[in-house]
Amino acid sequence: MPSTRDIRRRIRSVKNTAQITKAMQMVAAAKMRKAQQAALAGRPYAQLMNQVLAEVTHHAADFTHPLLEVREVRKRAVILVSTDKGLCGSLNANLLREAGKFDRNTTVFITAGRKAAQFVARTRRQLAAEFTYKDAPMFAEARAISKFAQDMFIQGEVDHVDILYTNFISTLSQRPEVVPFLPVGEIKGVVAGVDGTGAEVELAGGTTEFQFEPSAAAVLGGLLPHYLNFKVYQILLEAKASEQSARMVAMKSATDNANQLIKDLTLEYNKMRQANITKELLEISSAAMAMG
Amino acid sequence: MDMATTLKLEIVTPDAKVFSDDVEMVTLPGVEGEMGIYPNHVPLMTQIAPGEIVARKNGQDIFLAIGDGFVEITGDHVAILSDMAIRAENIDEAKAEEARRRAEARLGEKLSDEEAAAVQAALAHSLAQLKVKRRGK
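In the order they appear, the protein sequences are chains P and V. Under our numbering, read the first sequence as residues 1 to 292, first letter to last. Under our numbering, read the second sequence as residues 1 to 137, first letter to last.
Take the hints with a grain of salt, since some may be wrong.
Computed spacing ranges between beta-carbons, pair by pair [claimed, not checked]: (1) V:GLY33 / P:THR208: 21 to 27 Å; (2) V:GLU89 / P:ASP151: 16 to 22 Å; (3) V:ARG135 / P:LEU127: 25 to 31 Å; (4) P:GLU69 / V:ARG87: 50 to 56 Å; (5) P:THR123 / V:PRO43: 49 to 55 Å; (6) P:GLN126 / V:GLU24: 53 to 59 Å; (7) P:ASN94 / V:ASN40: 36 to 42 Å; (8) P:ALA30 / V:ASP92: 48 to 54 Å; (9) V:GLU34 / P:ALA140: 39 to 45 Å.
Just so you know, these hints were derived from the structure itself, not from any lab. Just so we're clear, the structure is a prediction, and the values are computed from it rather than from any experiment. Note that CB positions come from ideal geometry on N, CA and C, so glycine has one too.
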């Protein structure tokens, strides 16, 4: 039977926990907004890239490029985008369950984020490279990952590259998703769907007659790596938004639980205090009666 | 169609819209040499190399450093897409110089092809910034 002092101590400790989870919830909310803003700041770039892509694909018929080469898939790479830290609910568990579905013999992993690297090491899968990205993902970080995957593909080390990341559907809902990265199939517009809109837009071109220098094919060839780099960048931003919103929700429910616990403990404490007072009163009055 | 007298110059990078204004003329570092663009240019798309962009507005020249990229030109519009774009007044010369030195030092090491390409790109970016910053000094 705990004493009132024990309960008081517990309440204090739970209160501390609640304060911490509340703070983490606020921080995650702020970081999520930042990731969303970064994705929105990339909108003009995305729009212009879509426009240029639409024009060049319209004019570059029969275009061939090493990044477009469709080969029989003997070996594949998966760019696995996880978080660095935990405390974000079931986000990583869901993501890594999907990652586990890839054939361990024919799949190599390119990881972004510490949880992904730990997963590959723990399950003894093949690791091609380990990358990191910050809370505010930078384009250079995305470019490094994208470049690495492109090189592997062009050198024939792998015949197919997928990206597995957590898609941001809404603040309350994030889902792991596999998107094909290489070979570049149909070229679609890229826009991170961090505000709940779709991640891909249709391209429409051919309204103005453009000239190309040196040629449409050369411009498209130069543009492809940029298109892929940007795609990875948008995915990092989206994964980050997912992580922060999952953390925000997890921390909110932790805070709610702690508050409920404080309420229960306070009730118990009051009951016990009341019982003690009643007991003491009884003792005093019965002692008084015995004396009288 | 009306003859345009100014060009709307827009420069965007993956993380920001760096420049958006009406200008009288733009000079770009095209992959096949420097290009001067005036209003009513024929619609053109091409690649640009790391270097310097000069935009003239009200007779005043505005300088920017630019990385690898693409440009879409129409009669009244110049839209530039690049990994890096930075206005001259925002360039940190010491930082760019440091980046240049680091890149040059790394070129002396033994590098794989892709590493060398990455270092070359970093070098080109810092050189472009330094060129813009040191102009007229």
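Please flag the earlier hints that this structure goes against, numbers listed from lowest up.
Violated hints (numbers, rising): 2, 3, 4, 7, 8 and 9; every other hint is consistent with the structure.
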